[in-house]
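There are 2 protein chains.
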Amino acid sequence: MMGVPRDLVLAVDVGGGTTKGEVTAADGAVLAAETIETPYGEAAFDAIEDLGARLLDGLPADCRDRVARAAVILPGLVDPEHAIAVFSSNLGWRNVKLGSRFADRWGIPALIDHDVTVAGWAEWRHGAGRGVDDVCVLIMGTGISGTLSVGGRLVRTPPGRTGVAQAGEYGHIPVRYRDGLPCPCGNVGCVETVASGPAIARAYAARTGRETSSAETVFAAAGTDPIARAVVDDAVDALAAGLLGVLHASCPELVVLGGGLARAGDLLTEALHTRLTELLRVTPVPRVVLSEFGIRAGLIGAAHLARAGSLR
Amino acid sequence: MMGVPRDLVLAVDVGGGTTKGEVTAADGAVLAAETIETPYGEAAFDAIEDLGARLLDGLPADCRDRVARAAVILPGLVDPEHAIAVFSSNLGWRNVKLGSRFADRWGIPALIDHDVTVAGWAEWRHGAGRGVDDVCVLIMGTGISGTLSVGGRLVRTPPGRTGVAQAGEYGHIPVRYRDGLPCPCGNVGCVETVASGPAIARAYAARTGRETSSAETVFAAAGTDPIARAVVDDAVDALAAGLLGVLHASCPELVVLGGGLARAGDLLTEALHTRLTELLRVTPVPRVVLSEFGIRAGLIGAAHLARAGSLR
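Chains as they are written, first to last, in full-length UniProt numbering: chain A, 1 to 312; chain B, 1 to 312.
Next comes chain A alone, as it looks inside the complex (with noise of 0.2 Å):
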């Protein structure tokens, strides 16, 4: 084996609905790719192993070699230093320990991490937030949440404090707790009740009765027709007040928008910064930017990790 380069590293991105797995080259090449329907509780951890073990042994000979390191990312609660799935509600998960399962079936080094700051943190070391010390990166779709760089540094929840919840949980600020809606977390008027992609497409339906619209539709349509555009308001004011307090407390210089929900463009660019600018004035107002790596940056993300080692 000697000599031999150990260039490729096994990304393994965990979803609610799908579970992706690419083999990749440090230049981005993808060698081998696959995607499964994630089932519902510990019966994935068996479905992950598999899926990584069939890319693995579909390398052609002279590759299998060539894998350096594995990181699977995981949605919900995640404890990376101890290797435990902590909780995941859509995926029935409580206090798996995953322990080296992966790396003994792979026969290689394995990471987990959690899904949403492994994505964070690609954008802003790797993404559109690349050269940038101070960034604050969110991850839209069916939740809000995301990560925030400090001083250079990427922001994480103190080790032992994993169990109640991790940093970056933006979606959750109850921005709207004197008069919004419920939150299927218990609490009231969280900005994923107005600002996640089914928050929108329902408020839509709602004030229009037409049910088929999805979060992109009416942002499509919001350039011409008030009712979209006072959805699209709606949601970009619950957006810009979750900001504040971060902006306020970090001053970060780059807000970056990723997720599916960013697939909205420049118009949710656009509108967030024209928010932020009437909200703040002692505050500098960060720039808002897209997502380089879109609903990819899990996967990227995770790619990046198993070649750093960790996230640096």
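Hints should not be assumed to be uniformly reliable.
[To be verified] Far from chain A, by Cβ distances over 10 Å, these chain B residues were calculated: (1) L31; (2) T35; (3) C136; (4) D233; (5) F293; (6) R296.
[What the hints assert, rightly or not] Per the computed footprint, the stretches of chain A lying under chain B, defined by three or more beta-carbons under 8 Å from a beta-carbon of chain B, are: (7) 151 to 157; (8) 185 to 193; (9) 241 to 249.
[What the hints assert, rightly or not] DEER-style ranges, computed between Cβ atoms: (10) A/A25 <-> B/E81: 18 to 28 Å; (11) B/V4 <-> A/R307: 54 to 64 Å; (12) B/R153 <-> A/G265: 31 to 41 Å.
No wet-lab data here; the hints were simulated from the structure. Note that beta-carbon positions come from the ideal geometry of N, C-alpha and C, so glycine has one too.
Got chain A; can you put chain B on it based on the hints?
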């Protein structure tokens, strides 16, 4: 001079009303102290120079050479790296380049820094937040601002951006931008418009017609007077709302309440903790404690800064 211990420091805390100077020993013992009224405009810096010189010259002969360093802390916007008093509306400064004037006059190295940043750092490193890596400190009085520490590091506004604002302006988070009171900053519904000392006194006076009450008397009356209780609850609600963003972004373990308003004591910390418990579902509720140094946090912090050489 060989063999003389350099174990004393000069600390100067420049406030909108008064400026306090102290020479202290490593154990905090005060060897010399003086308080003056702060002159308006750039004359303040002559007065600071004179104050420091008087304190040093008044020391016993065997103490003068033991003073190792000075730290002068200023309100408003400060650029510590370039020794510039960037802006203070109260004191009428704009871009005052201090250079080495204090060091030249006093014959010792002299640092300058931002008063609240130093006060918050002192509470975190040496006071109520000692030993905790993730801490939010609020200094509450006429205004409300503070600091954030993440992963054992103080969050500071990145160099080059200090001309805009400093991190930690919690008092200017517009938590009631829809229906709040105007703030002198030009915004509507800032935390300070509800939760600062003057705002609490004003709200109570407006509801009762009794003009003389201070925030402290309102807090003291809250146990028996339902109007005082309602005013306190409203202030605590605004304070809690202002903290929601940073709590979700970085999950600090501890919130320290300092400044004059902290004289309200356990009533304030308990009320804030209760309100945060009501408003947080996904993110852990931090402990809320009173500051250790109270209104002396700035001066004590300046002495620690002079001793340490930087806000580490």
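Status of each hint after checking the structure:
1. L31: Fine: 36 Å to the nearest Cβ keeps B/L31 off the interface.
2. T35: Correct as stated: the minimum Cβ-Cβ distance to chain A is 29 Å, above 10 Å.
3. C136: The claim is violated: B/C136 sits with its nearest Cβ about 8 Å from chain A, within 10 Å.
4. D233: holds, 13 Å
5. F293: holds, 21 Å
6. R296: At roughly 24 Å from the nearest Cβ of chain A, B/R296 sits farther out than 10 Å, so the non-interface label holds.
7. 151 to 157: Contact hint for the region 151 to 157 of chain A vs chain B: holds, 5 residues under 8 Å.
8. 185 to 193: Result for this restraint: holds, n = 3.
9. 241 to 249: holds (count 9)
10. A/A25 <-> B/E81: 18 to 28 Å: violated, 42 Å
11. B/V4 <-> A/R307: 54 to 64 Å: holds, 55 Å
12. B/R153 <-> A/G265: 31 to 41 Å: Between B/R153 and A/G265, where Cβ atoms are some 35 Å apart, the hint holds.
In summary, the structure is inconsistent with hints 3 and 10 from the numbered list given earlier, while agreeing with the others.
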